[in-house]
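Engineer: Sequence:
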Amino acid sequence: MKIVRVNIGPSTPQDPEASIMIIYTGGTIGMVFDEEHKHLVPFNFSQILQKMPELKQFNYLLTVVSIEPAIDSSNVNLGDWMMMARLVEENYNDFDGFVILHGTDTMAYSASALSYMLENLQKPVIFTGAQVPIGRVRTDARENLISALQIAATKDDGGGTVPEVCIYFHNLLLRGNRAKKVESTQFSAFKSENHPILAKAGVNMDYYWTAIRPQPKKPFKAHYNLDYRVAILKLFPGITPQVVKSILTTPDLRGVVLETFGAGNAPTSEWLLDLLQDAIKRGILIMNVSQCDEGRVDQGHYETSRYLLEMGVIGGADITTEAAITKLMFVLGQDLAPAQTIDLLMQNLRGEITL
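All residue numbers for the sequence shown refer to the UniProt record's numbering, where the first residue is 1 and numbers rise by one.
Keep in mind that a hint or two might mislead.
[Claimed, not checked] Straight line, CA to CA, 30 Å or less: simulated DSSO-like cross-link-like pairs of lysine-lysine: (1) Lys155 / Lys200; (2) Lys234 / Lys191; (3) Lys234 / Lys217; (4) Lys191 / Lys180; (5) Lys234 / Lys56; (6) Lys234 / Lys180; (7) Lys51 / Lys191; (8) Lys180 / Lys200.
[What the hints assert, rightly or not] Derived DEER-like restraints, expressed as beta-carbon distance ranges: (9) Glu303 / Leu344: 27 to 33 Å; (10) Thr268 / Asp94: 54 to 60 Å; (11) Ala337 / Arg5: 38 to 44 Å.
Hints are computed from structural coordinates only; laboratory data are not their basis. C-beta atoms are modelled at their ideal positions from N, C-alpha and C, and glycine is treated no differently.
Please put together the full structure from these sequences, using the hints given.
Structural biologist: Here it is, written out as C-alpha cells:
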C-alpha cells in the first residue's frame, strides 16, 4: 500500500475558513470510464481539480491523501480501518475536519468501526462516495463531495459542528454507526431508521442539533486493537443444526452477532438452544440483533426470546448489524475481564444504540 499526499487548490488562500484532509481510499467516486477497454478504472485522485474545478471556489486549505492502489470496498479489512484511523490521529491537530472517500458497499461497516476507534472525537470525520463515477454527466459524486467538505469545515465555538464519524449521501448526513446501505441503483443509498438524521442539505444546510452528539470534554484518543475472531449468524426458517454448529464451533471464536426475527425472537428448538447455551458456557459472547431495519430487540417480551435472555445472550437494543459486529471487534480487542466486556457491549459508546 502506498500513500500519496498532495495539496489541491490554492496552497495559501487568504484567511482560509478551514483546513480539510481528503482521504481517498477508493470506490466509484474515483472512477472514470476506460473507452478502450469499456470498463471503470481508478483515476489519479490528486488531479481532482480537473474533474471538479468548482473546488477552487472554496476558501479552504485542501490536502488529498490518496491510497494506492485504490481499495475496492468489498476488500476492506481491519488493517484498512487501522490505516484510516491512523491518518486521522497523525493529522488530527493540523486539520479542522476529515473527508474519507470510500466505496458504498462496506461504508457503513467502516464508519461504524472508526466511530469506536476514534474516541472523544472533536472534529468531523465524514465518509462519502458515489453511486455514479465522477466522470459521468449524471454523477452524484460532485454534490456528495462538496457538501461533505462544507460539513467538515463548519465550526461552532472553535470546534467541529458535528464532532462525529458520519456518512453524507444524497442530501442527508447520518451518524456513521446508525447507517445502512439500502440501495444499489438509486442515489439515496443509505438510511438511518433508528436515529434521526443529523443534517439535511437543501438551499441551506439544516442541522438537527438535538440529534448531534455534544463536544466531548475528554481528550481525543485513537484505538487500534480490534479482534477479528467474530462471526454473524443469521437465523432463517429451516436452518439446520449443522449450519449453526459450524459457526459456533469455529476455532478461536470469541463473539457472534445473532440476527434474529422481529423484536429479537428465535426458534425454540431444543437443539438450537443447546448449541447457543454451550457456546456461551465456552466463553463466546452472543449479541442479539434484529433482522428488521427499524425497531429494537426486546428480549423476554415474547417467549421465543425469553430463553435467550435467561441463558445470557446480550440484547443489542436497536443497533445495526454493521455497528454490532464492529463493536464486538472493538470491545473484545480491549482484552477486558468477561464481566467488563459484557458491560461495555451493553453501553452506548458512540451513539450506536438508544438506551
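Engineer: When the hints from earlier in the document are held up against this structure, which numbers fail?
Structural biologist: 3, 5
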